[in-house]
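Residue numbers (the numbering used here), protein chains in the order written: chain A, 1 to 402; chain B, 1 to 283.
Calculated directly from the structure, the hints in this document are not laboratory data. Quick caveat, the model's predicted, so the values are computed rather than measured. Don't take every hint at face value.
[As the list claims (entries may be wrong)] List time: in silico BS3-like cross-link candidates among lysine-lysine, alpha-carbon distance up to 27 Å: (1) A:K131 to B:K136; (2) B:K86 to A:K77; (3) A:K392 to A:K377; (4) A:K77 to B:K32; (5) A:K100 to B:K88; (6) B:K88 to A:K77; (7) A:K131 to B:K53; (8) B:K136 to B:K86.
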Amino acid sequence: MSLSLKTKIFSSLEEAGSTGLLLEALATSDSPLLLFVKGMGVERIDFFTKDSEIVDRWLERLAGYEFLFLEDPDNFKASELQWNELDPNSNEELIVCHIKEAHPQFDQLRAHPSVPPMMAPLGIPEESRLKFLQEIEIQSPDETLSRFTSILQEFRTSVKSIDPLVWAVLVGDVIAITLHSKLLDKAVQIADEHRLGLAPLWNNSDRVIQIFSSYDPKGSEISLWAKIFATLPTPQLINTLETHLGSEGEPQILKLMNYRALHSPEELVEICFGSKPLIQKILLQWLTPHWKPFHYGRLLNSLDQALRSSADKDLVRLWISALVRASKSNAFDDLAKIFRPKFFRIWGTKTDIASKRMILNAISESPSTECREFLRKIRKYVQGELADHVEKMLLAYRQVKS
Amino acid sequence: MSSQIHRDILGIFDCNLSAYETEIETLKKIKKYDEYTYLHSLNVARLSVNLGKRMGLTLTMLEDLGWAALLHDIGKLHVPLEILNKAKKFSAEELAIMQSHPLEALSAFARNQPVTIERLRRLCAAFEHHQRYDLKGYPGVKRKFNLHPYSRIVAIADTFDAMTTDRIYQRRMLPDVALKIMAQGFGNIFDPTVLQAFITSLGAYPVGSLVRLSDERLAIVMKYDGNSSLDRPFISLVRDKEAGILNLMGETYKNLRIMRSEFAEDHELDVQDLMQRAAGEIN
Numbered sequence: 001m002s003l004s005l006k007t008k009i010f011s012s013l014e015e016a017g018s019t020g021l022l023l024e025a026l027a028t029s030d031s032p033l034l035l036f037v038k039g040m041g042v043e044r045i046d047f048f049t050k051d052s053e054i055v056d057r058w059l060e061r062l063a064g065y066e067f068l069f070l071e072d073p074d075n076f077k078a079s080e081l082q083w084n085e086l087d088p089n090s091n092e093e094l095i096v097c098h099i100k101e102a103h104p105q106f107d108q109l110r111a112h113p114s115v116p117p118m119m120a121p122l123g124i125p126e127e128s129r130l131k132f133l134q135e136i137e138i139q140s141p142d143e144t145l146s147r148f149t150s151i152l153q154e155f156r157t158s159v160k161s162i163d164p165l166v167w168a169v170l171v172g173d174v175i176a177i178t179l180h181s182k183l184l185d186k187a188v189q190i191a192d193e194h195r196l197g198l199a200p201l202w203n204n205s206d207r208v209i210q211i212f213s214s215y216d217p218k219g220s221e222i223s224l225w226a227k228i229f230a231t232l233p234t235p236q237l238i239n240t241l242e243t244h245l246g247s248e249g250e251p252q253i254l255k256l257m258n259y260r261a262l263h264s265p266e267e268l269v270e271i272c273f274g275s276k277p278l279i280q281k282i283l284l285q286w287l288t289p290h291w292k293p294f295h296y297g298r299l300l301n302s303l304d305q306a307l308r309s310s311a312d313k314d315l316v317r318l319w320i321s322a323l324v325r326a327s328k329s330n331a332f333d334d335l336a337k338i339f340r341p342k343f344f345r346i347w348g349t350k351t352d353i354a355s356k357r358m359i360l361n362a363i364s365e366s367p368s369t370e371c372r373e374f375l376r377k378i379r380k381y382v383q384g385e386l387a388d389h390v391e392k393m394l395l396a397y398r399q400v401k402s
Numbered sequence: 001m002s003s004q005i006h007r008d009i010l011g012i013f014d015c016n017l018s019a020y021e022t023e024i025e026t027l028k029k030i031k032k033y034d035e036y037t038y039l040h041s042l043n044v045a046r047l048s049v050n051l052g053k054r055m056g057l058t059l060t061m062l063e064d065l066g067w068a069a070l071l072h073d074i075g076k077l078h079v080p081l082e083i084l085n086k087a088k089k090f091s092a093e094e095l096a097i098m099q100s101h102p103l104e105a106l107s108a109f110a111r112n113q114p115v116t117i118e119r120l121r122r123l124c125a126a127f128e129h130h131q132r133y134d135l136k137g138y139p140g141v142k143r144k145f146n147l148h149p150y151s152r153i154v155a156i157a158d159t160f161d162a163m164t165t166d167r168i169y170q171r172r173m174l175p176d177v178a179l180k181i182m183a184q185g186f187g188n189i190f191d192p193t194v195l196q197a198f199i200t201s202l203g204a205y206p207v208g209s210l211v212r213l214s215d216e217r218l219a220i221v222m223k224y225d226g227n228s229s230l231d232r233p234f235i236s237l238v239r240d241k242e243a244g245i246l247n248l249m250g251e252t253y254k255n256l257r258i259m260r261s262e263f264a265e266d267h268e269l270d271v272q273d274l275m276q277r278a279a280g281e282i283n
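Work out the full structure: start from the sequences and follow the hints.
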């Protein structure tokens, strides 16, 4: 192209007997490169050289500009480019482009002409048109998701500066959509591929809830589904639960909690001891089968704390269940001590009647031989209303036996 | 502002606007942030949808394509205005920010709720409109997938509108020149099928072009019909209204050719006015 264009330029100059090539007279059928140069506002080009190499170099540079323009016309700043060709030694101008002043009547809001209608015959083969339509038709949700997961991977490797939270949210959204489309395997795969990138997402509880509410796993799917949340720390899961009780995602959060309680109960035990009563009540329900004798001391302290700081019957009941589960014999012995008149040692302060009633109620919910023994042991220490309560409970045992 | 935006959208394609509140909010933000980008988005959507119609897309596809085009530049919301409208050359840092706008579309998307598979599909063009058909361009990635068909349409409409729109620092290109230059991108920058469809359906001299004929007279391109060839549309002579509208495909005009197009304002002509008058005289 370059050779024929060069020849054409020189023959035009020769014909005109001039050094200057006027671009105004160019026809649309002329070289696209010269049309581009004209389009950039060049009115006339003066050639003060006939050196083929120099002209070639100049044409090559301009072809590069044309391509840059074509790739991104928005960011192309013609006035900043080198349109002239200079002698590298003397700096003398060998080819000079004369550029018109910028369009003087510029008005940004009128800058957009209405687009021309497309009424000319469509010059593409029918089979190409149909093939293109088919390409659109096959863009199924699966295809779109594959495209996006590919985009995600590619962007992640090529762009380092994206805000980690924005990135995590984006990955999270794609996972949510994937789950919404019931593509569990794919969602797990995305979460696994972006394991580290997902981490900041877990602080954004709205987005976390969105993922939870996108899919309700069946029993057999839970272990696979739980992998999506592999990097979600349990304390954050609990926080999300706390702030989104009653939300669309709550049942799924509970499923994940249950799963974690089954598979890593010790982590939940630790969290349970350090949590607020509201969370303790939730966690204690899952942890019942996991209490061991070595938890006993801490459970006793937690019960003490619950009795002293909370009038929450449910919480007391749950701590007592945990205590009994951890060590039945020790639990009833220690609980019996509370009812002794001069007992202060373990509990620090004398336990009030309301607390004692809560203990009795909690114990009465799970009748057992040990429980009856406990009632018999404490009947001599209780008085008044509390004594009536103990007698009623013992009577109930007798009736059941008869 | 909302009703104006609603009118603008419905002027391009039909859709139930109440289903697109988030998208309309985003367009509102674009309009408020930079009127140029908003008007550009409208033009890109018009061109994309018009081409989609010509290529036989269904109404649902046109709706998706229309939104894909309207939102293709949402990432520019995150490019500072002083960079967006800078007349001088960008520094390396500014260029990087400017070229990050497809990526910033990711952020804009991530901030939108709720996310759906449809929204994801409509946003492909926002990520991909600066990636070339041969999968180069920016953001530079190693693709496993071809560009989404909507992205391929939007990329062409985007380039054509950017080339044929006046900027503070650059006079617009005439449409026929823009098309000629775009044709250099067949198969490498642009999808050849889509580009060919785009160029042929606009015609070598799009309707409204002021053209110089081989006999030196000026004319306005009035229309093409099913029998027109690419460079032989129906024209109306500027200085000879009596001649009516001439079909260059006709035997009478077989020796008359269009040489080039020219800027109407350089001749102090109002193309719209001339076209209306010419059409009126025919009627």
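ask   = Any hints this thing doesn't respect? Which numbers, in order?
value = none
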